[in-house]
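Engineer: What follows is the residue order along each chain.
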Amino acid sequence: MDTKSVSLPPHAALKSERMNTAKFIRYTAAYVVLIVMSFAFLVPFLYMVGTSFKKYDEIVSRPLNPIPLEPTLENFIRLFEKLPFWTQFFNSVFIAVSITVLSIVFNSLVAFGFARYDFKYKNPLFVAMLATMMIPGQLTLVPTFMMFRAWGWLDTFYPLIIPGAVSAFGVFFIRQVMVAIPRELYDSARVDGCSELGTFFRIAMPLSASAIGVIAILTFMGSWNDYLGPLIFLTSENKMTLAVGLTTMNNPYKIDFASPITGSFLMAIPVLVMLSVVGQKYFVEGLTAGSIKG
Amino acid sequence: MHFKPAVRIKMAPYLFILPFFLAYAIFGLYPTLYGLWLNLHTGINEYVFVGLQNFSMVLNDSLFWKSMWNGTKLAFGSLFIILPLALAVALLINQPFIAKRKGYFATFFFTPNITSAVAVAFIFGLIFNRDFGVLNVLLGMIGIEPIAWLRNPLWTMPALIIVTTWRYLGINILYFLAGLQNVPRELIEAAKIDGASAFQRFLYVTLPLLRPVMMFIVFQAILGSYNMFTEAFLLGNRGFGPQNSLLFPTSLLYDQAFRGQNFGYSAALGYVFTMIMLIVSLFQLRLFRLKDIG
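Chains V and G are the protein sequences, given in the same order.
Residues in the first sequence are numbered consecutively from 98, following this note's numbering.
Residues in the second sequence are numbered consecutively from 128, following this note's numbering.
Just chain V, same shape as in the assembly:
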């Protein structure tokens, strides 16, 4: 509905004015709908933060108001008493950072192999790799557990780091961007005396940084939020990650609502900080741009 009015006849001017009003109503309605929906999506977070600072009485007596009227730190104190919180926090950090670093290196290496070269069986190998994405993790869950048990890997961080270091999806996603880098760039670097591995580090990785960044973030968050993995592979309290640790603190006799939610709040902070540091715009756009291209 373009209303660029260039010397319109009178009746058209009238019509365009009516259209402007219609447009204004439409725009406002759209924004109202979106803002109300955004708010509805925000509410659970508000309750998470608010409940962390509420006393039990207030949780029960004023459920609707997310803002604590008598803020207290007792939930935090109770959380730290019940759980080796910081140990588990750093376990989560250690695992997530390790797997992220490895995934950056290995996914990019494999993506580079597929994007840069033509070689025998390239297409069948690529299709085979993509086909592995169709196989659900449930197939290998139990045998993998028994394999790690035989290797003495249970209650160590290895099962949560090593198998996830390279993934078909990560390779595919990065390759989609790397494949667009012109061959001439590599050739001229080679002429200038750069090694093959050198072209990987100096050309391919920097030019596909956005895709690598998205995979790094997804890997980090996947590991940080993973529940089933640590639940199965870790047993001792001091090796546990936060995601599982938080679910082990409730005893059935006295349900404590607030301290797991307080823990959830503390656990959500790194992810939210990362999202805002990395830049929501960059992340959201990188994700949508890469995911669909054939």
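Please note: incorrect hints may appear among the correct ones.
[Said to hold, decoys possible] Pair by pair, the computed Cβ-Cβ distance ranges are: (1) V:A228 to G:I208: 28 to 38 Å; (2) V:R287 to G:F385: 19 to 29 Å; (3) G:N309 to V:M371: 28 to 38 Å; (4) G:G270 to V:L143: 18 to 28 Å; (5) V:G295 to G:G322: 54 to 64 Å; (6) V:A228 to G:K200: 27 to 37 Å; (7) G:T199 to V:P221: 32 to 42 Å; (8) G:R228 to V:N117: 17 to 27 Å; (9) V:M346 to G:G270: 31 to 41 Å; (10) V:V190 to G:R386: 24 to 34 Å; (11) V:Y255 to G:Q327: 26 to 36 Å; (12) G:L156 to V:V190: 42 to 52 Å; (13) V:T229 to G:L334: 27 to 37 Å; (14) G:K319 to V:T345: 54 to 64 Å.
[Unchecked claim] Restricting the straight-line Cα-Cα distance to at most 30 Å, the calculated cross-link-like pairs of lysine-lysine (DSSO-like) are: (15) V:K336 to V:K179; (16) V:K217 to G:K193; (17) V:K219 to G:K200.
Keep in mind the hints are simulated off the structure, nothing from the lab.
Ideal placement from N, C-alpha and C gives every residue a C-beta, glycine not left out.
Take the given structure of chain V and dock chain G to it, following the hints.
Structural biologist: Frame of chain V, contents of chain G only:
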């Protein structure tokens, strides 16, 4: 070892892609075959060959079918609640006058997706509380009797669908937004000039062009529903929920393997589940035709 440069170039691509195939051989292929062996055996420390007994136990287990049925219910919820809602929001955000703030709104809806499922379960555990949960307090204001969301088997699935809508709407909005970038604005304008109504433009221009993305999204929603675990497991108090209403295949697999030590049964369950998922996937690929992905 000294190779002539030409040989080294020939080997380079295989070295680059080696990490993926090596990792897959160890953490994917080997456990798959080991799982097949486990299927045919029973026991904890000493294994006895039982042939296909584990398979028939899974196929005759009413709990297994109950878990698949729950997955089907969730899939219907995703297809008929989350996806239409996501498409509507994506269409709204994609309007030219909102386009500038697109990233902002998309991030808003996306944030629940990167929040840990554990945190989500705790927050909603409180929101769904029968006596002082926000939801019941709000419903009480319009005269609706308190609902035992997580205790009454009739209400657990609606509760789970509310949670998954909150958690997965954003990622689906992002997918749809990515797809909408492939719909040229000129085409919409042309249809408008030809007198097509907004609904006709959507039905005959936008929707057919969204088909490739739609196929991907539907695929993700269905597989994701059958793969549900963490949210349902935790809302069901680390179990199956009242009358197994929150039982999903992965919960059953976990329970049988790690609480019941029935590794053979669990491995068989993984196989049966994988087969069913592959059949569902192939059926969908045929339905939408494979060439649409590329």
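Engineer: Please go over all the hints and tell whether each is borne out by the structure.
Structural biologist: Do the hints match the structure? See the list:
Taken as a hint, the range 28 to 38 Å holds for the pair V:A228 and G:I208, whose Cβ atoms sit roughly 31 Å apart. Here the CB-CB span from V:R287 to G:F385 is close to 53 Å, at odds with the stated 19 to 29 Å. Hint check: G:N309 to V:M371, Cβ distance near 30 Å, so the stated range 28 to 38 Å holds. Between G:G270 and V:L143 the beta carbon distance is about 25 Å. The supplied range of 18 to 28 Å therefore holds.
Our hint of 54 to 64 Å for V:G295 and G:G322 holds, since their Cβ atoms are close to 60 Å apart. At about 29 Å, the beta-carbon gap between V:A228 and G:K200 stays in the expected band of 27 to 37 Å. Checked against the hint of 32 to 42 Å, the pair G:T199 and V:P221 passes, with Cβ atoms roughly 35 Å apart. Between G:R228 and V:N117 the C-beta distance comes to about 21 Å, which sits within the given range of 17 to 27 Å.
Between V:M346 and G:G270 the CB atoms are about 37 Å apart, so this pair conforms to the stated range of 31 to 41 Å. Taking the beta carbon of each, V:V190 and G:R386 are about 29 Å apart, inside 24 to 34 Å as hinted. A C-beta distance of roughly 58 Å is found between V:Y255 and G:Q327, which places it outside the suggested range of 26 to 36 Å. Judged by the Cβ atoms, the range 42 to 52 Å given for G:L156 and V:V190 is violated: they are separated by roughly 32 Å.
Checking the proposed 27 to 37 Å range against V:T229 and G:L334 shows it holds: the Cβ atoms sit about 32 Å from each other. In this structure, G:K319 and V:T345 meet the distance hint of 54 to 64 Å, their C-beta atoms being roughly 59 Å apart. With a C-alpha separation of about 15 Å, the suggested pair V:K336 and V:K179 falls inside the 30 Å cut-off, and the hint holds. For the given pair, V:K217 sits about 47 Å from G:K193 by alpha-carbon distance, which is inconsistent with the 30 Å threshold.
For the suggested pair V:K219 and G:K200, the alpha carbons sit about 41 Å apart, so the restraint of at most 30 Å is broken.
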